[in-house]
Amino acid sequence: MKSRIPYVVALIGSLLGLVFGFYSTLDYAEHLDRRLHDVHCSFIPGAAPTAEAEACRAAMYSPYSAVMKEAYWGGIPISLFALGAFAFFVGFAAYLLVSGPNAPRRSRVFYGLVGLTPLLVSIGMFTISLLKLGSICKTCAGIYIGSTLLAIGAVWGMFVKAKPVAPSSTDESDERRRVAPTLPMTPAPSGGPMRVIAPIAWLVALAVLTLLPSVVYATGVPDHRPYLKQCGALKKPATKKDRLLSVVTPKSKRPATLFEDPLCPTCKAFHERLVRDGVFDKLKSDLALFPLDNECNWMLDTALHPGACTLSKAVICGKDDARLVLEWAYEHQESLTAAGKAGQPQLRAAIKARWGQKMLTCVDDKQTKETLNRHLHFASANSIPVSTPQLFLSGTRICDEDTDMGLRYTLEQLAPELYR
Amino acid sequence: MSENNKLVGPLVGVSVTLLTALIGLVTVRSAVASAGERLLTPEAEKPQVAVADQAEVSYCTPRFKEVLQRVLHSCGLSGEGQRRGCKPADVKNFASISDEDFNALFTPLKDRGAVLMFDTSKHELDAASKKLLEDRWFDRKGARYFFVVARASKTGTPSKNRALSHRRANSVMFHLKEIAKDDPDLDKKVGLLWLGNEFAQLSKSYCDWNNSRPNKKCGEEPINRSAFVSWVDCRL
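Those protein sequence lines, which keep their order, are chains X and C. For what it's worth, the numbering used here labels the leading residue of the first sequence as 1, then goes sequentially. For what it's worth, the numbering used here labels the leading residue of the second sequence as 1001, then goes sequentially.
Don't read these hints as lab results, they were simulated from the structure. Even glycine gets a Cβ: it sits at the ideal position worked out from N, Cα and C. Check before you lean on any hint, since a few could be wrong.
Example chain C residues on the side facing chain X (calculated, C-beta under 8 Å, incomplete) [claimed, not checked]:
id, residue
1, ALA1021
2, ALA1052
3, HIS1123
4, ALA1127
5, ASP1182
List of simulated lysine-lysine pairs, BS3-like, C-alpha gap at most 25 Å [as the list claims (entries may be wrong)]:
id, chain 1, residue 1, chain 2, residue 2
6, C, LYS1177, X, LYS241
7, X, LYS235, C, LYS1046
8, C, LYS1141, X, LYS240
9, C, LYS1130, C, LYS1141
Taking the hints into account, I'd like the entire structure generated from these sequences.
This is the structure we're talking about:
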């Protein structure tokens, strides 16, 4: 019975990995309809999806969640590979569990070795989550835990002794046992060429099963091209009087208009995506501040981001360094949001601490207020939705649903030069 | 162990693997396919997203808008007309409204606007008036039109008062042009009305309004030596 315990652990681990991989894949596939959906984000397998799933959304929208994002809208989620691989590991654990000590040693060694691969991948993804995303999604953590249990069970199983074969046996293995009686040997029928063929066959099976869900997914992904340009366009292109901020780099090649709010978490994530993909530098951007704060924005009854008007003015005051100020606001968004909620004195102190009194003087200047007002009027003249962020590429609005999961695909379709 | 028993483990393993993989594949295929179907089917209750627009506040009653519309049309603010501003006779005709009703329309703008006071027979803005005008101008928010209603008191002849009122309105406009130099649409934003003493004189009660000479004695004469300025937060 003891010889089976490792495979009980491995089976539980594999099932966990399978279930969490399954939910992760379903979340991804649901979003292929370009609508908003809740996301599974719980340590409890099968728990209902929820809207409060920021870490899981961040992981889902990150470039590490899928491969081939340029070819398929949203790409091929890596959870599909987990789904296929864990199906194999579940089956193999069941086999070793049922066979117990009768299982050939090579099968246990094979399982011990390949059973480590999900853990290695998990370590890589965990590091990325921690270092690049700054958060761990619970569904991903479920896969990491499953991978760890699988690795423990699989490696542990390698060291379980095989059942000794009956002494009446007269086959070749019996001969070998006489030579080295202390070593558990593999039963004869599975020896010989099977020693090599079986592991190769298992490896092939593992590879096929790992890839198969991705192939099935890829062949079914709907064509999103007809929808990419259906979210409107700028009615009135920006002119000098709108006083939008020009953000240009030597690499800039594609005109774009961005509406951003320094205290909007989605803007921050979107901005970081554009910067990380090297796209932001290639945009010849007109930046319009669109703070979701009723202190300056009459389109809202209540402030969604208190303090965003003041910070927007700080960005305007940045002039040629507006991008620096905006990125500072994004980098310290959590503390600045808290300061904004606490009141103007706290927020102004934070701005002064980083940018000095000169910046505050500029923030209070009537012309700065006027500039921000013109940005807001530019938004109203163009009847844009009251939401941030928004990107207009050469006047064409990029749909909200294309600014996260489908960003790479969309830009590849509408502005391929941004990735060249 | 019999040969049959040896096969049980592998058979179980293969069966479990195939079953698990099959369930996974069918589910993935079905999830992708149903997303594709939803993509082709418009959402029955698509969440409404607010669209950016100019401000519209509670005082924008149909009557207020009606008069506003006439003012805009007659004073050349809407369309491509060349006409700039309105004189008293025009206002009387196009507003089709009594003096009291005309003034009452502007009552909701008490906090939004301000009264710029002038010296007797003068049309120049003093420093306090300029500052107040700038404060009001830069507090635009979502408004589209800025109204300037200049007046002259009853002292003097009607024609002299009309001319004085006109000059006062122009003084405000000239200062606005200074502070909004880079705004090519200024003419389309600012609506000038100049009233003599024949229409819509202000009563003493307007002395309570935010004005440029809060510490000076106010009465029916001084309050009508003025220009009322305000953004109007109505969509038309």
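To see whether the hints hold, each was checked on the structure:
1. ALA1021: Result: holds, 4 Å to nearest chain X Cβ.
2. ALA1052: Holds. Min distance 4 Å.
3. HIS1123: For C/HIS1123, the interface hint is violated, since the closest Cβ of chain X sits about 25 Å away, which is over 8 Å.
4. ALA1127: violated, 16 Å
5. ASP1182: holds, 6 Å
6. C/LYS1177 with X/LYS241: Holds: C/LYS1177 and X/LYS241 sit about 14 Å apart, inside 25 Å.
7. X/LYS235 with C/LYS1046: This hinted pair holds, its Cα atoms lying about 23 Å apart.
8. C/LYS1141 with X/LYS240: Holds, at about 20 Å.
9. C/LYS1130 with C/LYS1141: At roughly 20 Å apart (the allowed maximum being 25 Å), C/LYS1141 and C/LYS1130 satisfy the hint.
Hints 3 and 4 from the earlier list are contradicted by this structure; the remaining hints agree with it.
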